[in-house]
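Protein chains: 4
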Amino acid sequence: MPNIDAPDPGFESRVRASFNNQKVMQAIGARLVAVGSGEARIELPFRPELTQQHGYIHAGIIGTIVDSACGYAAYTLMPADSEVLTVEYKVNFLAPARGEKFVAIGRVIKPGRTLTACAGEVWAYVQSEAKQVAAMQSTMMMVFKSG
Amino acid sequence: MPNIDAPDPGFESRVRASFNNQKVMQAIGARLVAVGSGEARIELPFRPELTQQHGYIHAGIIGTIVDSACGYAAYTLMPADSEVLTVEYKVNFLAPARGEKFVAIGRVIKPGRTLTACAGEVWAYVQSEAKQVAAMQSTMMMVFKSG
Amino acid sequence: MPNIDAPDPGFESRVRASFNNQKVMQAIGARLVAVGSGEARIELPFRPELTQQHGYIHAGIIGTIVDSACGYAAYTLMPADSEVLTVEYKVNFLAPARGEKFVAIGRVIKPGRTLTACAGEVWAYVQSEAKQVAAMQSTMMMVFKSG
Amino acid sequence: MPNIDAPDPGFESRVRASFNNQKVMQAIGARLVAVGSGEARIELPFRPELTQQHGYIHAGIIGTIVDSACGYAAYTLMPADSEVLTVEYKVNFLAPARGEKFVAIGRVIKPGRTLTACAGEVWAYVQSEAKQVAAMQSTMMMVFKSG
Numbered sequence: 001m002p003n004i005d006a007p008d009p010g011f012e013s014r015v016r017a018s019f020n021n022q023k024v025m026q027a028i029g030a031r032l033v034a035v036g037s038g039e040a041r042i043e044l045p046f047r048p049e050l051t052q053q054h055g056y057i058h059a060g061i062i063g064t065i066v067d068s069a070c071g072y073a074a075y076t077l078m079p080a081d082s083e084v085l086t087v088e089y090k091v092n093f094l095a096p097a098r099g100e101k102f103v104a105i106g107r108v109i110k111p112g113r114t115l116t117a118c119a120g121e122v123w124a125y126v127q128s129e130a131k132q133v134a135a136m137q138s139t140m141m142m143v144f145k146s147g
Numbered sequence: 001m002p003n004i005d006a007p008d009p010g011f012e013s014r015v016r017a018s019f020n021n022q023k024v025m026q027a028i029g030a031r032l033v034a035v036g037s038g039e040a041r042i043e044l045p046f047r048p049e050l051t052q053q054h055g056y057i058h059a060g061i062i063g064t065i066v067d068s069a070c071g072y073a074a075y076t077l078m079p080a081d082s083e084v085l086t087v088e089y090k091v092n093f094l095a096p097a098r099g100e101k102f103v104a105i106g107r108v109i110k111p112g113r114t115l116t117a118c119a120g121e122v123w124a125y126v127q128s129e130a131k132q133v134a135a136m137q138s139t140m141m142m143v144f145k146s147g
Numbered sequence: 001m002p003n004i005d006a007p008d009p010g011f012e013s014r015v016r017a018s019f020n021n022q023k024v025m026q027a028i029g030a031r032l033v034a035v036g037s038g039e040a041r042i043e044l045p046f047r048p049e050l051t052q053q054h055g056y057i058h059a060g061i062i063g064t065i066v067d068s069a070c071g072y073a074a075y076t077l078m079p080a081d082s083e084v085l086t087v088e089y090k091v092n093f094l095a096p097a098r099g100e101k102f103v104a105i106g107r108v109i110k111p112g113r114t115l116t117a118c119a120g121e122v123w124a125y126v127q128s129e130a131k132q133v134a135a136m137q138s139t140m141m142m143v144f145k146s147g
Numbered sequence: 001m002p003n004i005d006a007p008d009p010g011f012e013s014r015v016r017a018s019f020n021n022q023k024v025m026q027a028i029g030a031r032l033v034a035v036g037s038g039e040a041r042i043e044l045p046f047r048p049e050l051t052q053q054h055g056y057i058h059a060g061i062i063g064t065i066v067d068s069a070c071g072y073a074a075y076t077l078m079p080a081d082s083e084v085l086t087v088e089y090k091v092n093f094l095a096p097a098r099g100e101k102f103v104a105i106g107r108v109i110k111p112g113r114t115l116t117a118c119a120g121e122v123w124a125y126v127q128s129e130a131k132q133v134a135a136m137q138s139t140m141m142m143v144f145k146s147g
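Residue numbers (my numbering), protein chains in the order written: chain A, 1 to 147; chain B, 1 to 147; chain C, 1 to 147; chain D, 1 to 147.
Since the hints were derived computationally from the structure, they do not count as laboratory data.
Certain hints may be false.
Copies of the same chain look alike in the list, so a pair counts if it works inside one copy or between any two.
Stated by the list, open to error - Straight-line C-alpha distance at most 20 Å; calculated EDC-like pairs for lysine to aspartate or glutamate:
no., residue 1, residue 2
1, Lys23, Glu12
2, Lys101, Asp81
3, Lys23, Glu49
4, Lys131, Glu12
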């Protein structure tokens, strides 16, 4: 990632406020653990109710946290009066999502006026060892607040 | 989709048993409403705790139900002693996921010995009108049960 | 695809003029064989110089014709003074691209003011039998002509 | 990328021989400029006959070189008697492909017995300045030689 300056110096509180409005994040137990210019990290502790048929975290839940991480990475670089929407994402699942906690990292790879391209990773932690379980490539869109 | 014969005549109960083991489906309130040869449908009623910052269902939850619909569509065509894993998926979000209920349809577009390509759709219902909110293209993998 | 009206009645000649400016289409021997509202078809006869190491058409060339088919499908629905750009695409390869000719079909699945989502297919013909070899899902962008 | 050991010490000559059999690479003027364990680089000088309607290299040609770069990155880590196939790829186009030459870099992000996940980049050079124009995420498959 090139070192990218956020045009809105208040991006962190704006991102945190939006994250706090994502009710699904509280419902699954995810927390926004870091926000930087062009980057965001979300942490999800393991919960049995988020699992698929083999007892691992469902691919869609892994997709959910890394989609939000990418969306907020993009949102850090957007203007104060904007909102962010996911246009599309693609995830490759590299290993079963088995672990005590999962960390999704979203990073801007190319900011743009309207569209921002992002890359995401999800790492699973077993004790203190980390293993990458997913890779995302996505497109986010900036829209102006409507009111 | 070509008309595809499932090699295992007991595919429906096998798929339903696996779905019932996906704890996340119960956690979000999703139900498997139809299973056919090469096809599966999952229904999700709206719930406030699944929303993102604008009050719509989070893109990742939409991805979760259509990933499972595609996975189970593929699983209908796999042998009795197999398991299904998601290799990768890609989702385009066509409209905000606003509605009373959401129906994800997964279909096999090309079955294979190891890999199965699937297409998925998610439709949002407002009263009885339906609108497509997402399109998925994905790859599923067959693995033999380990034991 | 919903039946979509093209806002510019002159869309076909506009699309054909743009296609004729894609020098790569002539270089590989591809022809635009049909243009309709929200749809375009491109045909590519087999040529040995387009093959990969096993003698089939290279995945990237298959991607090239279906990207153009999707782009022109989207372009049929754009205004007269616009241009079309590919934001991103995803292709699944369903079978080796072996055949005498290849037909790429691009269709709009959701038109939008700025972004248009498309689906594409590529079919390989051996004698008169057709087999689907690729499926695409893509995002196209409308930009106004700059001058 | 983790430091990955190639199981076949003769991987470089195997990759180069396969590349030389990709007739399309010669047809477009692409050269394999570097091969390492889990990585490959392909260079393409600008040619007017590879352009789209605005005079830039066609998105599909950019996809072609980065697909091959990813495929050969994966192939470096496969056994001597294997072949490599593209299962699927996704490309985001970050900027118009304008430049004197284009360098596609493919890297393995997760090798596997059957499937290998790769990441790719394409950089455009104007004089000696480089700009990233595309990002790819893809799945490659190992198959044993059939004869």
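For lysine 101 and aspartate 81, with the copy left unspecified, which applies at a CA distance of at most 20 Å: within, between, both, or neither? Neither, since 34 Å and 31 Å both go past 20 Å.
Measure nothing new, just compare the shortest in-copy and cross-copy C-alpha distances for lysine 23 and glutamate 49 to 20 Å and report within, between, both or neither. Both. Shortest intra-copy (17 Å) and inter-copy (5 Å) distances satisfy the 20 Å Cα cut-off.
Checking an output row: lysine 23 and glutamate 12, CA cutoff 20 Å. Within, between, both or neither? Within one copy only: 19 Å inside, 34 Å across.
Is it within, between, both, or neither for lysine 131 and glutamate 12, if the alpha carbons may be no more than 20 Å apart? Neither way: lysine 131 and glutamate 12 sit 28 Å apart in one copy and 28 Å across, limit 20 Å.
The structure shown violates the earlier hints numbered 2 and 4.
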